[in-house]
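**Q** Model the full structure from these sequences, guided by the hints.
Residue numbers (numbering that gives the first Met the number 0), protein chains in the order written: chain A, 0 to 319; chain B, 0 to 425; chain C, 0 to 288.
Note that these hints are calculated values from the structure, not bench results. Using N, Cα and C, we set each Cβ at its ideal position, and we do this for glycine too. Possibly wrong hints are sitting among the right ones.
[Unchecked claim] Listed next, the stretches of chain C that the computed footprint assigns to chain A, with coverage defined by at least 3 CB atoms under 8 Å from CB atoms of chain A:
(1) 76 to 87
(2) 165 to 172
(3) 221 to 227
(4) 238 to 249
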Amino acid sequence: MNRSALTHFAGIVIVLVILAVLPHFLRYHHQDFLIFLVINILVVSSYRLVTLTGEWSLIHAVMMGVGAYGSAILSKQFNVSFWLSMPLAGVVAGSVAALLCYPLFRMTQFYFLIGSFAAGEAIRLSWIHFIKPFGGTSGVSGIPSPELGNIDFLEPIPYFYLVLIIVTLCLFLLYRVEKSRVGLTLHAVHWKAPLAESVGVNTWNYRSLAFITGSVFVGIAGALKVHYIGTVTPKQFDIGFMVFILIWVIVGGYRTFYGAIIGAIVLSILDEAFREFDELRPAIYGAILVFAILFLPAGLESLPQRLREKFGRSGAKEAG
Amino acid sequence: MVSKLKRSDRRQFLKRAATGAGAVTTASLFPHVAFSANKTLTVGMNIPMTGDYAPWGLPGLYGCEIIANNINAAGGIEIGGETYDINVASYDHGYDTEKAIQGFKKLALEDEAKMVMMLGGSTVAACLPWAMRRKVLTTTLLPSDITPDSEYLIATCESHPLYNVTGVEWMAKTFPDVKTAAIVTNNDAEYGLQSAATYKAAFEVAGIEVVDTNLHGFDVTDFAPIVSSILAKNPDCVCMATSFYVTPIMEQLFHQGYQGKIISCTLDYYQEIIAKTSEEFVNGTIYQFPDFDDPALTEEGVTFPDPAGFDAAFRKDHPNDWSAVAWEYPAILLNWIENAKAAGSVETEDVMAAMKGNQQQFVFGGGNWWGSQLWGLDNALIGRWPVVVIENGRARIQEYGDVAAWLAANKDVLVKHMQELGLRTV
Amino acid sequence: MELLIQSIVNGFIQSGFYALAAVGLVLIFGVMGVVNFAHGELVMVGAYTVWLLHAQYGVPFLPTILIAILLVTAIGALMEQFLFRPMRGDPLGGLICSIGVLFILQVVATVVGGDGPSKQVPPPYEGTLVLWDFLRVPYQRLFAIGVAIAALGLLWYFLTRTRLGWALRAVSQDREAASLQGINSNRISMIAICVGAAMAGLAGALMAPLTNINPHMGHNVIITAFIVTIVGGVGSLSGAVIASVLYALFHTFVTTYFNGTVATISGLLIMVLVLIIRPTGIMGHRVSE
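**A** Here it is as structure tokens:
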């Protein structure tokens, strides 16, 4: 137990050190790629929290947009500093999520999936329709980048470190939530909902809690993204992006905390590697998705275990 | 007949779209560049080559490759005592802001492009902060991208949507019976609304009453109700203000028996529209983008070199891909080269100084810097602009309108309508 | 008044297309318990078939409709055989598989048709029916609504008057009870997806001359189909047809008198409202969980 905690810790430190030096070995536009990748890790991790209760929502990408638009409008039209608007983005996304809880969590499973999709599309179409203050199809541009002393956050490396610090902090919090009593209850709500209810757990409350918390963090991810790009448009958060989140989480493995992150990293790197085949890339994604769900239902994170089993040294070791 | 894409052409369009993902250099396409003793001068194109916006990106790349090929075949160009071959590096951002930033940096830093051409809109806005600080000369087809801080962002060819006033002016003069107009377009602030505001201003100045303005979303699949609702107002003229849906709207106008005037900003792929309706119906449609085999392009004042030759070369390689932008990016490239020659340098500040300091030769003649009244900087080059009408199934220039004169007289009307539609003005 | 009548006609004609697209989705969900996210792409494949064969290679229009139906049906059958069947009992797995298919079909369309502007199919039936001097209906649209009504009629006959149709409805109401009755649910699922896909293929083929054809056209189709399905009642075919007519009229009227985006937003909100107040829809029965 102690030893496993230690290896965990060592592993995390090694990953962080690698990440910290990595941008210096990358070409310029790959540094941007790395920034977006780290932000996407926060997106999938927060999505996993929502799915812990067994409900697969299709509104997560839009909640990211809610945070992004929130921070963009606060900082551009009300001159709120990034350091305040970024956490406020989480608050905005969390508040919208809280409002949506009442209608959405009257549904479960298929109905929840479709309901969340509809609510998300309605929000996204509202950004398009209400040109004031959302800017319509072209969105909001000229979003200021963070200011701190004379650090230049328009450059990728400083912004990368900023993102790395905030995302690491958020991931730590998300991990703590999952391992806490609340997190364990969320698992129970998923796998043994009737039982949980019979011992007095209000499943509605816990579903909402997971949804709101996940939305807070993805809202922050949205703010991080648009303060780097400087522009926010409705297209960035469409169902296409939502599907990518789903794919990352499912291909990576949604049963563990690391699975989703592995999915985002591996698939994003594959995606970048396939840039040459631009228009074929969605098909490659589609094929990977179908194969993963058919042949590797527990995701990439289960791959080492599966290989070990296959090559006979199955051992009594248990993963995770 | 509908345009029949031959298999090989489709392949080519496709292959190009696929390889366009990374930066494609013409060097690989035109081997003599690689063996030439000249230095290489790279210009960048950060444009959509796939997706909905591809028709306003990809044909421009084909056009620039023809221009670069011609220049290189003639031995290159001399700038500041150095002879260069032109290399066009391109990046497909698919009209995605994230990719646009990555593409811009790749072009500017890895390909060392001295100038980057873009389509405009949110993709330009996303690249602007970095591009301006790094002083990368950037061009757009949408001068509405210009802000008070965008010192190195210029619109030297298309001054969308200002030139639309020339079509209205010509129509009012030629068809004085036209008293009412209905505007229909998509409700985006980059193309549709900018254009709608300009048409409204032009109609007001021409004494034509706008009886309906239908601004619809991009989610419309059935244009029957939209067209029914505008025709219910009985307009003398239907105006498509930089609509992305010209074909389905024209089709519905045809089926619903509309017989009045039609004015539009673009009429790309008009042969397809004729195939879906009839030549008789499309004849008489007024718009703003000539075919380059048009005899009126040989008139004095037009500075585009050998338009007919360019048109033939383009249609030989890409018979079905001609769109409004096919000659626009080349015109921007040529203007930049002229100014680099005059400056004797390819560096941004020097070229900008030459642009602002010397009389510019606009592609259709004229050439004044304009824009501070509307967007905060005089970085849009305004000149004469053609009014085009479909005659016997072919696009033909009727006259060259004077955009600058209209603006000088009616700028306030334009600002009023821009503000009414919630658009940014200084 | 004239605009009112024209709008009713516009909306009614559009409803045929909505209904064809939605009944397939309903059928597949009802019988198989799978949300087929790629359903809009099946419609898209139908439209592309007509574009490729009719507009590009000059094959007459009517045979291309048949070919489109057969092709899309075959795709549906393959999806059932290799994806949905192994995923039986895992609705999320089925959904994810269909998303994978969605991407693949979009790319196939891009490869076949190339990128660039939307494809256009010149209408095979030219001309416009003019009634009372103001009401105008292009023959192409009349043809589309006529065929759509005929196809829906056939489907109704199949479901209510044949043994197979009866078995299909039995499975969609209660899979277990149906299997106790000796109904082979795998066979029934295969029939359901084939019929559903055929309807989607037909919808695409009929719409091809009336719409912009591009690899992403399925997106709007699936949104509409979802709204119609939910409002009509998940699993209820008659509900889907009624909801198609109501929603098409609603959408057409809001678009005509107000604004298209507002029409879609209100449609989505109505759907959420239905989900909250009456998750079984206007015609639905409670699906056993």
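**Q** Take the region 221 to 227 of chain C, compare each residue's beta carbon with every beta carbon of chain A, and decide whether three or more fall closer than 8 Å.
**A** This one holds; 3 residues, not fewer than the three required, reach chain A with a Cβ under 8 Å.
**Q** Please verify the coverage claim for the region 76 to 87 of chain C: does it have three or more residues whose C-beta sits within 8 Å of some C-beta in chain A?
**A** holds (count 3)
**Q** Can you tell me if the region 165 to 172 of chain C counts as covered by chain A, using C-beta to C-beta distances under 8 Å and a minimum of three residues?
**A** violated (count 0)
**Q** Per the coverage rule (Cβ-Cβ under 8 Å, at least three residues), is the region 238 to 249 of chain C covered by chain A?
**A** violated (count 0)
Hints 2, 4 from the list above are not met by this structure, while the remaining hints are.
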